[in-house]
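Participant: Residues per chain are reported as follows:
Number of protein chains: 2
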Amino acid sequence: MKFNLSSIFTFSNDIFLIIKELEKTVSDFNIGLLEKDKSIKITIKNIKENKLEISIFSEGVFRPHNALLQLKNTISSEFGKKHHLGIRSIKIENYTIDFDLDKEPLKELTVPFAKIKVTDKHVSLILEDISEEFLRRNYIDRMITLVKDKVDNQYYEGKEEFWKLIWESEHKDPVWTKDPTEEMVKKGWLKQGPSKGKWFYRPQAAAILKTMERIALEEVLKPLGFQEIIESNVVPFDIWLKTGHLEGMPGEFYYVSEPATRDVEKWERFVDLTKITKEVDLEELKKNVALPNAGICYAQCPVIYWSFKGATISEESLPVLIYDNTTVSARYESGGRHGIERVDEFHRIEPVYIGTRQQLLNLREKFNERYKHVFNNIFELEWRMAWVTPWYMQQAGKIGDRSMQDTGTIDFEAYMPYRGEREKSEWLEFQNLSILGDKYIKAFNIKAQKSELWSGCSGIGLERWTTAFLAQKGIDPKNWPDGFKKYLDKIPEGIELL
Amino acid sequence: MKFNLSSIFTFSNDIFLIIKELEKTVSDFNIGLLEKDKSIKITIKNIKENKLEISIFSEGVFRPHNALLQLKNTISSEFGKKHHLGIRSIKIENYTIDFDLDKEPLKELTVPFAKIKVTDKHVSLILEDISEEFLRRNYIDRMITLVKDKVDNQYYEGKEEFWKLIWESEHKDPVWTKDPTEEMVKKGWLKQGPSKGKWFYRPQAAAILKTMERIALEEVLKPLGFQEIIESNVVPFDIWLKTGHLEGMPGEFYYVSEPATRDVEKWERFVDLTKITKEVDLEELKKNVALPNAGICYAQCPVIYWSFKGATISEESLPVLIYDNTTVSARYESGGRHGIERVDEFHRIEPVYIGTRQQLLNLREKFNERYKHVFNNIFELEWRMAWVTPWYMQQAGKIGDRSMQDTGTIDFEAYMPYRGEREKSEWLEFQNLSILGDKYIKAFNIKAQKSELWSGCSGIGLERWTTAFLAQKGIDPKNWPDGFKKYLDKIPEGIELL
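As given, the protein sequences belong to chains R and L, one line each in that order.
Quick note on numbering: the first sequence equals residues 93 to 590 in my numbering.
Quick note on numbering: the second sequence equals residues 93 to 590 in my numbering.
By construction, these hints were calculated from the structure, which means they are not laboratory data.
Note that the structure is predicted; figures quoted are calculated from it, not measured.
Among these hints, one or two may not hold up.
For identical chains, the list gives no copy identity; a pair is met inside one copy or between any two copies.
[Said to hold, decoys possible] Once the Cα atoms are required to be at most 25 Å apart in a straight line, the calculated BS3-like pairs of lysine-lysine come out as:
| # | residue 1 | residue 2 |
| --- | --- | --- |
| 1 | Lys279 | Lys539 |
| 2 | Lys137 | Lys542 |
| 3 | Lys314 | Lys577 |
| 4 | Lys174 | Lys578 |
| 5 | Lys358 | Lys534 |
| 6 | Lys143 | Lys195 |
| 7 | Lys279 | Lys133 |
| 8 | Lys578 | Lys314 |
| 9 | Lys582 | Lys570 |
| 10 | Lys516 | Lys133 |
| 11 | Lys195 | Lys207 |
| 12 | Lys140 | Lys458 |
| 13 | Lys570 | Lys112 |
| 14 | Lys378 | Lys358 |
| 15 | Lys378 | Lys288 |
| 16 | Lys283 | Lys539 |
| 17 | Lys278 | Lys539 |
| 18 | Lys334 | Lys358 |
Turn these sequences into a full structure, and let the hints steer you where they fit.
Facilitator: So this is what it looks like as C-alpha cells:
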C-alpha cells in the first residue's frame, strides 16, 4: 500500500523568519517516525507567508494522516510558546491511497468520500479537500476495508449457499399435500392482514401456534435450564450499529419514529384535518413525526447482548442460558411472501447462550437431542439437518470461512409435501442453531471473571414449526401423532361468522 | 343555521340564447327543493357570455352544496342533449355558514379550509374558492361539528375527571414503603432501556411479570370462557381512522415506516456510510424510508374489531369472548415516566367482548367477581373501584355524558405506599373494565343475525398488576400472600454480574 498526503498548515502569523527552525522540526519529526515506519517521508513543498505546504508519503505501516495529526501537535507545542505562533488550520488538499486487491473487480466500485480508480487489481482512492476531523475519525482504514469487501462480495454474489447434510430422518408418508395456510384461511381459522405479510390468528390457528410455544418451552428450553427474560420490542439504532445489522440489512427493517412533539397545539391542524377529511394528511404528519431512530425487533439477540454491555459475568453463572418469548419480530419482505411461513411479522422464541467454547459445544449437542426428540417423537416429521453459511456473516455483508464447524449454523429443514416431490421441492428451514464465536461478545464488551466467552442463539420460529407440522400432518387432529395430541387434541370452536 | 353559497357555472358555449330556459330550469329546481327545505332559495345573480352566476341560501335542512351538485346534474342532463351544451366547470367563490354555539368560545378558534369569525356565541365560517370535489366529500358538516366540539372541549379542559367510588377494600398494612422498581433495579432484576421508557426484565423480574400473566389467564380469562387470538403488532392508519385514535392521540404513537425499497443498490450508499462512519446518516436514510403508514399497537382492541369488519356473527357465538396476549403496546410519553408503572412500552392482555347489552352487563358482574377474587384472595391488596369518564370518549377528544352507567369505564385503583399516605397520595389505576356501547361495532359494521351488538374491553396491564402488588407486598417472597405463593414462591437465581 502507498499513501500520499498533501496538506497546508496555515499559521496565525508569517513564518518567514522561522523557516529554518520549522524545517528542522519537520525533519526531526520524520526521523523519529522512521523507527515506526521505515518508508515514511515528510517533504516540505513550499513555504509562503503564513502557509507551510507539506507532503507525507508512507507504505502504510504508519498512516500519513496519523503522522499529520501528530506533526500538528509537535509544531503547536514547540512554536506556540517560543514564537507565540499557532496553527490556525490544516487543510488536506489531496490524500491518495494505492493498494492491490487479491482479485480484479467484476463491476464498477464506489465508495463515499473518495474517487476511485481501478486498473486491473490496482486501486487508487483519491480524497480531496478533507477535514482534520475526517482524518481523526479513522474513516480511512474502514474505506480501504470496504473496497476490499465489496470486491470479495462481487465474487460471492449469486453463488449457492454452502450446504452440507448432517443428518436426515426416514421418509414419512404425509397425511395430505395441501398448503396448510390456504386451508386454514378457507376454514376461517386465520385471516390475512391487517397489512401485508401479517396475519390475524383466530382461536383455532392461535391454539396451534400457542401449542408450539408450550412444546418449545416444556420439551426444549426448560429441560435445558433456560431462564426467561423480557426485552424491548423497539431496537434503537445504536444497538444495530454494534451488531452490524444496520449495515447488513437496512432494507428489511420496519422503522420506528417517535412523535417530534406531544404538544397538543402543534398537533391541532393534523387532528382537525383528520376529523374533517377522514384521511391522513402525510405532509402535515411529517411535520410532527421525527426521523426514525429505531426499528421493530428483527432478531431478539441484539438487545440481549446489549443487556450485558460492559458487564463481567460470574463464572458460576456460565453458561448463561436465557430466552426472550415476548417480542414480536418484523422483517420487510419485498416479495416472496407466502402463507404464514414467509411473512413480515412472526413470533419467535429466541434462546441465547453465553459461555466457554466447550460449554457451547456441549450445549449444542443437548439442543440437538431435544430438537430431535420434538421433531421425531412429538411431531413425527420428515426432516434433516445441514451445515449452512453462518447467517450472521451473510447479514453483516460478509461471507465466511466454510471450514469452521465450531462456530456456524445448523439449519433444520422439513419436507413440505404441498410443494411437490421430496427430492425436487424446496424444504422449509423451520429451525436453526448457531454458535457465533466471540463476534457479539466483543461488540458489546462482555467479559467473564476468567473464561474466554463465546455466544450463540437458536431462534424457534412458531410459524415455521406450525407450517412444517401442518404441511405433513394436516389440520385434522385425528391424524396428528399421539405425542402432539398430548398437547393439543382438539381445535377450539372459535367464533362462527356467517 | 344559515348557509350562503355563491357559485359560477362555466358552460362549454355562450348561454345568451337560452337565458329564459335556464332561468326556468333553475326556478323549477328551486320549487322542487322547497318540499325538502322551505328556506332554500336559489338566485341567478348574473349571466354573461358562457357564465352563470348563482347564489344559494338555506337555513340548513338541505345544504346548499348538495343543492348545487344536484343543480349541476339537472342542467347537464336537460341542456346537454337539447343544446349540446355542457358545464365545463363550477367554481364556488364563497360559501358562508352562520350558526350559534351553546356557549361563547373561551379562546381563539381555528379550523382548516375556512376563515372563522366569532361574535359572542355566533360563528361565521367563510370558505373561499373551493372545489366541487371538496363539496362532494362532505367536509362541510364535519367542519361545523369540529367547531362545536372545540368549544365544548374548551369548557371541559382542565376540569377534573369524573370519578365516583363504587367499592373499596379494607385497609391493609403494607409490608414496606419502597418503590418496587427502584429496589428491583438495585438488585439487578431489572435494567432500564435500551431506549426511554422501556425496560429489560432479567429472569427475576420477568418471573414476576409472567406470574401475573398466568394468574390473569387461569383466574380470570379461562374461567370466563375467553379464547385466545393473535393479532398484528403493527396497526395501519386506516384502522385508527375508524376507531378515532388517529385524531384522538397522534402525539402518543410510535410510528412505523416501511423501507421505500429493498433494492440493494439503492441502499448501497447508506450501507457504505454506515460501515465507514459507524453512525447513522439520517439524510441518506430518509431517502430510502417511506413516510409512516402505521403505528405500533396502542391498544389491542382496534385490530380485534377490524378482524370482524363487515362480518355477521352467529347468535350461538354470542357473546364473543376473545383476548390478545401477544402484541406489545407502545405509547409515547412526553414526560412523567416512572418505574415500570408509567412507561413507553408495556405488556397487556386485552379481553374484548361483543354481545347484547344484557350479555355484557352480566359479563361485567362476572368480571368484577373474578377481579375481586384475584385482588382480594391472591394479591390481598388494598384497592378500590370507581366509575370514571369513559376513556374512549376522552381519547376521541369528546367528553361524554356522565349519567350513563350501562356504558362506561370502571377503574381499579391500588394504594401505593411509597407515594405517601393513603388519603393524600395518588393511587395507581391498575385495571379497568369498559362497556363501550355500539361505537366500535358501528365503526366496523359488525352485525349479529338478530341481536343488537355492544362491545367492551378490559385491559390487564401486567406491569400495573406487578407494581400494585409489589408496592404493597414487597419483593421478598416470604412476605407474599399464600394465594400468590401458590403461583410463585421463589425468585429465580438469575445471572450474577460483578
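Participant: It remains to establish, for every hint, whether it holds in the given structure.
Facilitator: Okay, the hints, checked on the actual structure:
With identical chains, the CA atoms of Lys279 and Lys539 are at most 25 Å apart between copies only, with a shortest distance of 20 Å across copies and 52 Å within one. With identical chains, the CA atoms of Lys137 and Lys542 are never at most 25 Å apart, being 54 Å at best within one copy and 95 Å at best between copies. Proximity of Lys314 to Lys577 under the C-alpha cut-off of 25 Å is found in both arrangements, the shortest distances being 20 Å within a copy and 21 Å between copies. In the homo-oligomer, the alpha carbons of Lys174 and Lys578 never lie at most 25 Å apart, since the shortest distance is 88 Å inside one protomer and 80 Å across protomers.
Within a single copy, Lys358 and Lys534 get their C-alpha atoms no closer than 44 Å, and across copies no closer than 31 Å, so neither meets the 25 Å cut-off. Taking the closest pair of Cα atoms, Lys143 and Lys195 never come within 25 Å of each other, the shortest separation being 42 Å inside a single copy and 76 Å across copies. Neither within a single protomer nor between protomers do Lys279 and Lys133 lie at most 25 Å apart by alpha-carbon distance, with minima of 78 Å and 58 Å respectively. Proximity of Lys578 and Lys314 under a CA criterion of 25 Å is satisfied in both settings, with 18 Å inside one chain copy and 20 Å between copies.
Taking CA atoms no more than 25 Å apart as the test, Lys582 paired with Lys570 passes inside one copy only; the shortest distance there is 9 Å, against 40 Å between copies. In this assembly of identical chains, Lys516 and Lys133 lie within 25 Å of each other by CA distance neither inside one copy nor across copies; the values are 63 Å within and 77 Å between. Taking the shortest Cα distances, Lys195 and Lys207 sit within 25 Å of each other inside one copy (20 Å), while across copies they are farther apart (69 Å). In the homo-oligomer, the alpha carbons of Lys140 and Lys458 never lie at most 25 Å apart, since the shortest distance is 74 Å inside one protomer and 92 Å across protomers.
Taking the closest pair of Cα atoms, Lys570 and Lys112 never come within 25 Å of each other, the shortest separation being 97 Å inside a single copy and 82 Å across copies. Within a single copy, Lys378 and Lys358 get their C-alpha atoms as close as 12 Å, and across copies as close as 22 Å, so both meet the 25 Å cut-off. In this assembly of identical chains, the alpha carbons of Lys378 and Lys288 lie at most 25 Å apart whether taken from the same copy (23 Å) or from different copies (22 Å). With identical chains, the CA atoms of Lys283 and Lys539 are at most 25 Å apart between copies only, with a shortest distance of 18 Å across copies and 46 Å within one.
Within a single copy, Lys278 and Lys539 get their C-alpha atoms only as close as 52 Å, which misses the 25 Å cut-off; across copies the closest is 21 Å, which meets it. In this assembly of identical chains, Lys334 and Lys358 lie within 25 Å of each other by CA distance solely across copies; the values are 23 Å between and 35 Å within a copy.
In the structure shown, a violation is registered for the earlier hints numbered 2, 4, 5, 6, 7, 10, 12 and 13, in ascending order.
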